[in-house]
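K.L.:
Listed here are the chains, written in short residue letters.
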Amino acid sequence: MSIAHLTSPAFKENAKGALADAQLQSAMHGVETGVVDRRRATVAKLPEFEALRDSARDIKNHTLAHLDLYLEQFESRCIAAGGNVHYAVTADEARTKVLEICRKANARLVTKGKSMIGEEIAINDFLEANGIAPVETDLGEYLVQIRHELPSHIIMPAVHLTQEQIEADFRRVHTHLPADRQLVEPQTLLTEARVILRDRFLAADVGITGANFLIAETGTSIIVTNEGNGDLTQTLPRVHIVLASIEKVVPTLEDVSQLLRVLARSATAQEMSVYTTFSTGPRRDGDPDGPNEYHVIILDNGRTAMLGGQLREMLRCIRCGACMNHCPVYAAVGGHTYGWVYPGPMGAVLTPSIVGIENAGHLPNASTFCGRCEEVCPVRIPLPKLMRHWREREFERHLSPATVRTGLAAWGYLATRPRLYAVAMSLFVFALGLMGRLFGRFRWLPLAGSWTRHRDFPAPDVQTFQAQWKRGVRTR
Amino acid sequence: MTARATLFASIRQSLGVTGDEPARRAAVADRLKQHPRGVIPARGQLPPQEGVKLFAAMVEAAAGTAATLPSADDVPAAVAALLRRHNLPMQVRRGDDPRLAALPWDKERTLEVSTGASDGHQLVSVSHAFAGVAETGTLVMASGPDNPTTLNFLPDTHIVVVDAKDIAGDYETVWARVREKFGIEALPRAINLITGPSRSADIAQILILGAHGPRRLHVLIVGDGT
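Residue numbers (the numbering used here), protein chains in the order written: chain A, 1 to 476; chain B, 1 to 226.
For the record, the hints were derived by calculation from the structure and aren't laboratory data.
A couple of the hints might just be wrong.
[To be verified] Derived DEER-like restraints, expressed as beta-carbon distance ranges:
1. B:Gln-91 with A:Leu-19: 54 to 64 Å
2. A:Glu-375 with B:Glu-21: 31 to 41 Å
3. A:Glu-375 with B:Thr-65: 31 to 41 Å
4. B:Glu-185 with A:Pro-401: 50 to 60 Å
5. A:Ala-402 with B:Pro-22: 47 to 57 Å
6. A:Glu-375 with B:Lys-33: 32 to 42 Å
7. A:Arg-108 with B:Glu-21: 41 to 51 Å
8. B:Glu-50 with A:Glu-375: 33 to 43 Å
9. A:Arg-108 with B:Met-1: 31 to 41 Å
10. B:Thr-65 with A:Gly-34: 22 to 32 Å
11. A:Ala-402 with B:Lys-33: 57 to 67 Å
12. A:Gly-82 with B:Lys-33: 23 to 33 Å
13. B:His-121 with A:Pro-178: 19 to 29 Å
Glycine included, every Cβ here is placed at the ideal spot set by N, Cα and C.
Put together the whole structure using the sequences plus the hints.
P.N.:
Shown next as structure tokens:
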């Protein structure tokens with residue numbers, strides 16, 4: 001299987017490039033500070049937030065345990081409302097289905113709301129190769145589309161770009177506009193995109209959106225946006241296609257309301273996103289607007305396998321992006337370093353499930369296990385535990401480098417022999433302590449050159465922690 | 001095997017079930033029948049008049065504007081005043097909703113009122129909300145022959161009329177009314193929850209209003225909720 005745009009195997013090279021990229025570093029600066037602080041402030045205003053997280057987790061767990069039945073319920077309600085439900089086991093099947101619907105509608109121009117499933121199945125490349133023009137309408141997605149890039153964040157696709165880069169891209173692509181126009185203000189940039197995309201909305205034959213949720217009891221798909229682009233995408237064209245995956249379904253209107261309360265706060269620090277739209281079937285008799293056809297494509301792409309294993313909890317994910325906003329690794333290297341559609345901690349768990357651990361082994365290793373992702377996850381996914389799961393699979397399958405395997409084997413030998421361990425460590429620490437006495441730290445250590453290249457190693461006390469503890473030392 | 005059959009078989013294999021277990025089917029039927037409400041924030045649980053105040057405050061916190069009118073008959077004058085205040089042409093597009101159709105639009109002689117969906121050429125629209133939610137200042141719009149969805153998104157300025165008595169503390173109360181009015185098997189084609197005007201922060205994380213939808217959202221609350 002070849003996966004479009006996959007560079008996850010080159011994570012280390014990607015990271016080196018990202019750390020040396022001044023523009024990227026300047027663009028990423030605001031993520032760790034701005035978004036994190038705003039989320040904290042918004043969450044503090046809702047005393048029930050922690051209880052809502054429990055509720056959200058429980059709803060997802062219940063739904064996953066009864067997933068076949070809720071999908072059947074969704075299907076029958078959606079069809080009763082005049083909609084069409086299609087299933088796709090693989091990305092290829094999903095692409096083919098989209099193309100079939102577009103061809104039937106004689107579509108030339110397709111507008112797109114933001115859809116991570118759309119990215120996952122690389123639908124834009126496929127439609128283009130088949131003579132259909134897809135236009136991304138979320139401003140961030142539009143930016144990455146005109147740059148031929150993947151999104152670098154699941155809810156802020158263009159977070160890696162500076163305002164100056166965006167201005168340069170607009171000048172490069174919007175050549176029908178006067179070259180000497182003023183584009184310094186963010187407002188001017190936004191207005192330019194609004195005017196250009198407004199024409200596309202009105203001209204499109206088919207609109208493709210994702211789905212934040214599907215509701216089983218009503219056969220409804222839901223999108224959550226701030227721009228309103230998703231709504232214009234699904235309201236104006238003749239045909240609306242919803243790209244969803246199996247885990248998007250939830251039982252009832254009440255259940256989805258619990259999830260919505262944690263989604264916007266975790267994602268953008270808003271009390272509620274601007275537009276939350278519940279779509280049920282196509283235009284009805286007498287309706288003055290809305291699409292004539294309504295299709296929902298439900299994708300598997302590796303998820304049913306996750307349902308049966310230790311990764312089931314990952315299927316609770318509601319794609320808020322809080323885990324990456326709070327990840328020190330993500331903030332340092334940006335989303336593109338992860339080399340595929342889903343970056344950050346959630347990507348480190350999800351990407352290996354979809355593209356294989358042999359392609360994405362670096363991702364679960366690119367974590368300090370600081371645990372901030374789990375602390376903020378609105379559905380309480382134990383992300384470090386799931387990343388550890390992938391590290392174990394990688395080790396079992398002999399995919400980790402020889403140095404890592406040898407090191408771990410040596411460590412394992414010592415760690416399982418407590419007496420030997422105590423003797424070896426006290427000798428080691430004693431020697432290091434003596435050697436380091438002069439400067440108090442080491443600027444270089446044998447076998448740890450790549451570690452000490454970036455920081456000094458402090459010289460240890462002359463006794464091991466265990467020895468000090470035995471002696472009754474309880475403070476530094 | 002069809003994709004559908006393969007997918008359902010994989011799910012059932014992963015869950016270790018056949019799909020016929022009576023206990024599982026009962027658990028699902030029960031949840032759909034009971035549709036439990038879960039955790040409801042205390043914030044919106046207020047006496048009617050205070051709920052209306054919270055609703056207006058939350059609309060403004062989301063960068064919308066809100067005004068309270070004593071009677072529905074005051075709506076046309078309030079619409080005209082807003083247009084004048086912002087130097088907008090005296091033209092609005094509205095749906096055929098009987099609650100809007102019954103208003104004394106002819107009292108505003110300079111105001112041109114047309115009806116129907118938007119084709120993208122209208123600067124200002126007037127809609128009637130199905131409900132409001134005080135908890136977050138959210139409007140609930142239900143589509144139908146008299147309530148075009150395009151009026152919520154295409155015009156630059158969106159004016160929404162909501163009856164104070166339709167303002168609930170939480171979403172769940174509104175869903176109860178949706179179940180009662182439409183039936184859970186016949187939801188309107190589109191239910192739009194709207195909280196403030198359109199916005200984007202995709203350019204260098206700077207928040208700007210008016211991305212693809214309305215730049216301005218003005219809510220006219222009719223009555224005080226008593």
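K.L.:
May I ask which of the numbered hints given earlier this structure violates, with the numbers listed in increasing order?
P.N.:
none
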